[in-house]
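A.B. asks: The whole structure should be built from the sequences, with the hints applied where relevant.
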Amino acid sequence: MEKVKSNDSLILYIQNLFHDSADLIVREVSWKNEIAIVCFYNTMTDSADVNRQIEILRQRSIDDFPKWEGTATSSVGAFSVSQLIESVTHGFVAIFFPSTNMLMTITIPSFEVRATDEPNNELVIRGSHEGFVESIDKNISLIRKHLPIPDLVVKDLRIGRDTNTKVTYVYIESIADKEIIEIVKSRLENIDTPKVYSIGQIEDYLEDNVWSPFPQLLTTERPDRVVANILEGKVAVFMDQSPAALLGPVNFFAFYQTPDDFNGRVFVGSFFRILRLLSFLIAIFLPSFYIAVVGFHSEILPYELGVKVKTAIQFIPYRPIIEALIVELFIEVIREATIRLPAPIGPTIGIVGGLVIGDAIVNAGLVSNLMVVIVAMTAISSFVVPSVEMNTTIRLIRFPFMLAATFFGFLGIAIGTLILLIHMMNRSSFNQPYLSPIVPFEPSRFKEVFFRTPYYKNGPQQKTFTFRAGKRKDGEGT
Numbered sequence: 001m002e003k004v005k006s007n008d009s010l011i012l013y014i015q016n017l018f019h020d021s022a023d024l025i026v027r028e029v030s031w032k033n034e035i036a037i038v039c040f041y042n043t044m045t046d047s048a049d050v051n052r053q054i055e056i057l058r059q060r061s062i063d064d065f066p067k068w069e070g071t072a073t074s075s076v077g078a079f080s081v082s083q084l085i086e087s088v089t090h091g092f093v094a095i096f097f098p099s100t101n102m103l104m105t106i107t108i109p110s111f112e113v114r115a116t117d118e119p120n121n122e123l124v125i126r127g128s129h130e131g132f133v134e135s136i137d138k139n140i141s142l143i144r145k146h147l148p149i150p151d152l153v154v155k156d157l158r159i160g161r162d163t164n165t166k167v168t169y170v171y172i173e174s175i176a177d178k179e180i181i182e183i184v185k186s187r188l189e190n191i192d193t194p195k196v197y198s199i200g201q202i203e204d205y206l207e208d209n210v211w212s213p214f215p216q217l218l219t220t221e222r223p224d225r226v227v228a229n230i231l232e233g234k235v236a237v238f239m240d241q242s243p244a245a246l247l248g249p250v251n252f253f254a255f256y257q258t259p260d261d262f263n264g265r266v267f268v269g270s271f272f273r274i275l276r277l278l279s280f281l282i283a284i285f286l287p288s289f290y291i292a293v294v295g296f297h298s299e300i301l302p303y304e305l306g307v308k309v310k311t312a313i314q315f316i317p318y319r320p321i322i323e324a325l326i327v328e329l330f331i332e333v334i335r336e337a338t339i340r341l342p343a344p345i346g347p348t349i350g351i352v353g354g355l356v357i358g359d360a361i362v363n364a365g366l367v368s369n370l371m372v373v374i375v376a377m378t379a380i381s382s383f384v385v386p387s388v389e390m391n392t393t394i395r396l397i398r399f400p401f402m403l404a405a406t407f408f409g410f411l412g413i414a415i416g417t418l419i420l421l422i423h424m425m426n427r428s429s430f431n432q433p434y435l436s437p438i439v440p441f442e443p444s445r446f447k448e449v450f451f452r453t454p455y456y457k458n459g460p461q462q463k464t465f466t467f468r469a470g471k472r473k474d475g476e477g478t
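Heads up: the sequence shown begins at 1 in the working numbering, then just goes up one per residue.
If you are wondering where the hints come from, they were derived from the structure by calculation, not from laboratory data.
Only a predicted model underlies this, so the values are computations on that prediction, with no experimental measurement involved.
Misleading hints may appear alongside valid ones.
Mimicking EDC-like on lysine to aspartate or glutamate, the simulated pairs with C-alpha atoms at most 20 Å apart in a straight line are [what the hints assert, rightly or not]: (1) Lys447 <-> Asp260; (2) Lys166 <-> Glu203; (3) Lys195 <-> Glu179; (4) Lys178 <-> Glu232; (5) Lys447 <-> Asp261; (6) Lys32 <-> Asp46; (7) Lys155 <-> Glu134; (8) Lys178 <-> Glu134; (9) Lys155 <-> Glu189; (10) Lys166 <-> Asp204; (11) Lys195 <-> Glu86; (12) Lys195 <-> Glu173; (13) Lys178 <-> Asp156; (14) Lys145 <-> Asp204; (15) Lys166 <-> Asp137; (16) Lys185 <-> Glu232; (17) Lys32 <-> Asp63; (18) Lys178 <-> Glu189; (19) Lys138 <-> Asp117; (20) Lys138 <-> Asp240; (21) Lys166 <-> Glu86; (22) Lys145 <-> Glu130.
Pairwise CB distance ranges (calculated) [unchecked claim]: (23) Glu182 <-> Gln15: 42 to 50 Å; (24) Arg144 <-> Val333: 37 to 45 Å; (25) Lys155 <-> Ile62: 34 to 42 Å.
Ideal placement from N, C-alpha and C gives every residue a C-beta, glycine not left out.
C.D. replies: This is how it looks when you write it as structure tokens:
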């Protein structure tokens, strides 16, 4: 009777540990010559699977198997409250044996996972149409399916004192730079925060300079893109409950490459890669160029074109910078509304926005037809980039260039360009130069920036970065 009271008290103690949650199951079960206590969340584990596993282990114990408690899904250790909490909260089944102070954990979680459909923001024409999901184990399995090699290394750690979030980094031992692996490991282990619930938080800790507008890690939800990058020596970082992977080190030009470049023919892939890089220049400089020409340098226009420009803007009541800001802000508001609204309503907002910007705002005399054309070309060029992060950066950068052109014309654009180049040359990704292979110049890899070379001409595997001199030590200022 005393033993029963002791077990009853233990059950109450365990229930109090988990604040008597409604989905918590704490039960006594008979186990050979003793009583065991089973604890798990029925919302994270299938009860029928729990019963089957317990029956298998109990039968192994009755048959006196030498190591009856150790199977492919179970393990044992000394009981501790922290281990009990960690096991149950991560979807495991915990079995406590009070007489021997032993804790057995059974790994049979049953989380709902969506299908590995292609991510909507990284569509391709040819190639794999799989995408990552919110299960880190499922994501790693997709990588291993593409790379069935023993050199593929997976390392786990827990981050966040309250959330205890699982973070995994993946690399190929024979290809990845040991220095890069140590940097990734060190920065992840040095994350000291109570809550980690977003891959963006991990990115802030991993980036060399979080205040730069340029992303220093490539974010993707495509397994084939991760595989291609880790085969170049990069490291991929995953977080549980997030479908995105972070890849580094990367350079600026990596954000303008897509799987279609390598799935299509050589000339096609090279042409569209060059087109994307040209779109970067158009998206940043076209509005500022127009403002500088109208405000300071109209004499560079051919006579016929100059007449059309003057005719278009003569009845506009304010300067071109105000025109540009009005249309740009309209486009940004429409874009944000389209993203946030439900899918059936999103296209309607696009149509309304097109009518407002394309017709009504011009007829009202607020902006000129030419400004609408300029801003539309700029918006389309900014959306060509395959990376959402770089797309956002480009949209933000063009505003300072517009202001510089308003006050100083072409001189302002030139100064802004110089500042932008200096900033990019001083950026790095895991201590590797951001503008590589342009700065520092590496002739052997220069052609890879603009052209997709044929596969049959590939030589030995190139390291992602070979530059060594002048790198800052990890943790020093940016």
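A.B. asks: Decide, hint by hint, whether the structure agrees.
C.D. replies: Against the structure, the hints:
1. Taking the CA atoms of lysine 447 and aspartate 260, the gap is near 18 Å; set against the 20 Å cutoff, the hint holds.
2. About 15 Å separates the Cα atoms of lysine 166 and glutamate 203, which keeps this hinted pair within 20 Å; it holds.
3. For the given pair, lysine 195 sits about 28 Å from glutamate 179 by alpha-carbon distance, which is inconsistent with the 20 Å threshold.
4. With a C-alpha separation of about 14 Å, the suggested pair lysine 178 and glutamate 232 falls inside the 20 Å cut-off, and the hint holds.
5. Between lysine 447 and aspartate 261, the direct Cα distance comes to roughly 14 Å. Compliance with the 20 Å bound is thereby established for this hinted pair.
6. In summary, the hint linking lysine 32 to aspartate 46 is not supported, as the alpha carbons are separated by about 24 Å, beyond the 20 Å threshold.
7. The straight-line distance between the Cα atoms of lysine 155 and glutamate 134 is roughly 18 Å, inside the 20 Å bound, and the hint therefore holds.
8. Proximity of lysine 178 to glutamate 134 is assessed by CA-CA distance (about 29 Å); at most 20 Å being required, the pair is judged violated.
9. Straight-line distance between C-alpha atoms of lysine 155 and glutamate 189 comes to about 12 Å, which keeps the hinted pair within the 20 Å bound.
10. With a CA separation close to 17 Å, the supplied pair lysine 166 and aspartate 204 stays within the 20 Å bound.
11. For the suggested pair lysine 195 and glutamate 86, the alpha carbons sit about 16 Å apart, so the restraint of at most 20 Å is met.
12. A distance of roughly 31 Å separates the Cα atoms of lysine 195 and glutamate 173; the hinted pair therefore is violated under the 20 Å criterion.
13. With a C-alpha separation of about 17 Å, the suggested pairing of lysine 178 with aspartate 156 holds against the 20 Å cut-off.
14. Taken as a hint, the lysine 145 and aspartate 204 pair is broken in the structure, with Cα atoms around 30 Å apart against an allowance of 20 Å.
15. For the given pair, lysine 166 sits about 10 Å from aspartate 137 by alpha-carbon distance, which is consistent with the 20 Å threshold.
16. Between lysine 185 and glutamate 232 the CA atoms are separated by roughly 19 Å; this keeps the pair inside 20 Å, and the hint holds.
17. Straight-line distance between C-alpha atoms of lysine 32 and aspartate 63 comes to about 10 Å, which keeps the hinted pair within the 20 Å bound.
18. Between the alpha carbons of lysine 178 and glutamate 189 the distance comes to roughly 16 Å, so the proposed pair stays at or under 20 Å and holds.
19. At roughly 13 Å between alpha-carbon atoms, lysine 138 and aspartate 117 fall within 20 Å of each other, so this suggested pair holds.
20. A distance of roughly 10 Å separates the Cα atoms of lysine 138 and aspartate 240; the hinted pair therefore holds under the 20 Å criterion.
21. The straight-line distance between the Cα atoms of lysine 166 and glutamate 86 is roughly 12 Å, inside the 20 Å bound, and the hint therefore holds.
22. Simply put, lysine 145 and glutamate 130 have alpha-carbon atoms about 12 Å apart, close enough for the 20 Å limit, and the pair holds.
23. For the pair glutamate 182 and glutamine 15, the supplied restraint of 42 to 50 Å holds, since their beta-carbon distance comes to about 44 Å.
24. Arginine 144 and valine 333 have their C-beta atoms about 44 Å apart, which keeps the hinted 37 to 45 Å range intact.
25. Taking 34 to 42 Å as the suggested C-beta distance range, the pair lysine 155 and isoleucine 62 conforms, at roughly 39 Å.
Hints 3, 6, 8, 12 and 14, counting from the list given before, are not met by this structure.
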